[in-house]
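> Sequence:
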Amino acid sequence: MPVQHGIVGPVPEGVDPEEYDKLRRRVLWSMPSGLYVVGSRAGERRNLMTLNWATQVSFEPKYVAISVENIAFTHTLISEGRVFTLNVISREDRAIVRKFTKPVEVDEAAHTMNGFAFHDGRTGAPVLDQAISYVECEVRNPVDVGTSTLFIAEIVNAGFQQAEDTEVLRMEDTRMNYGG
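Heads up: the sequence shown runs through residues 1 to 180, numbered per the numbering used here.
It cannot be assumed that every hint is accurate.
Within a straight-line C-alpha distance of at most 35 angstroms, the following computed DSBU-like cross-link-like pairs (lysine-lysine) qualify [what the hints assert, rightly or not]:
1) 99 to 22
2) 22 to 102
3) 102 to 62
4) 99 to 62
Since the hints were derived computationally from the structure, they do not count as laboratory data.
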């Protein structure tokens, strides 16, 4: 089927581009995804940010990938520091992810970001104390994917901080949507 290229990307011939773009967004939003808080660090600069584009991509070595917008402060820190944490959030703690969609206020004395306690992991990147579990990662391969970078990284440390059977937060548990 021939496609035309417009401001919304490839659109099937004979289809209204705006209607197709709306449909494509709804389809992409229907794909299940988790909501996480990613921790990053470069030097003394730290950040925590809500993220939903994350997945395991290899069994051996143990690799995960996250996609981060190129304009995000987190992107800068991961690019410079080459480490990040991926913090899994409880379904009961859904308010946490909203706190990290905005710029982070770090209180070094209290060791909090936006009012939530954290500790530095083995890589130096922040681990959210309320996370169910986390992985600490070292970037092995950043890949430019347009408006974002896919950071492919090896897990160098992991742990649980709550019961393993705690229900994890998913995008559909919130009124948030991102993507499409």
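> Would you mind marking each hint as holding or not holding in the structure?
Comparing the hints with the structure gives:
1. 99 to 22: 28 angstroms, holds
2. 22 to 102: 26 angstroms, holds
3. 102 to 62: 31 angstroms, holds
4. 99 to 62: The given pair, whose Cα atoms are some 30 angstroms apart, holds under the 35 angstroms limit.
Consistency note: the structure conflicts with none of the earlier hints.
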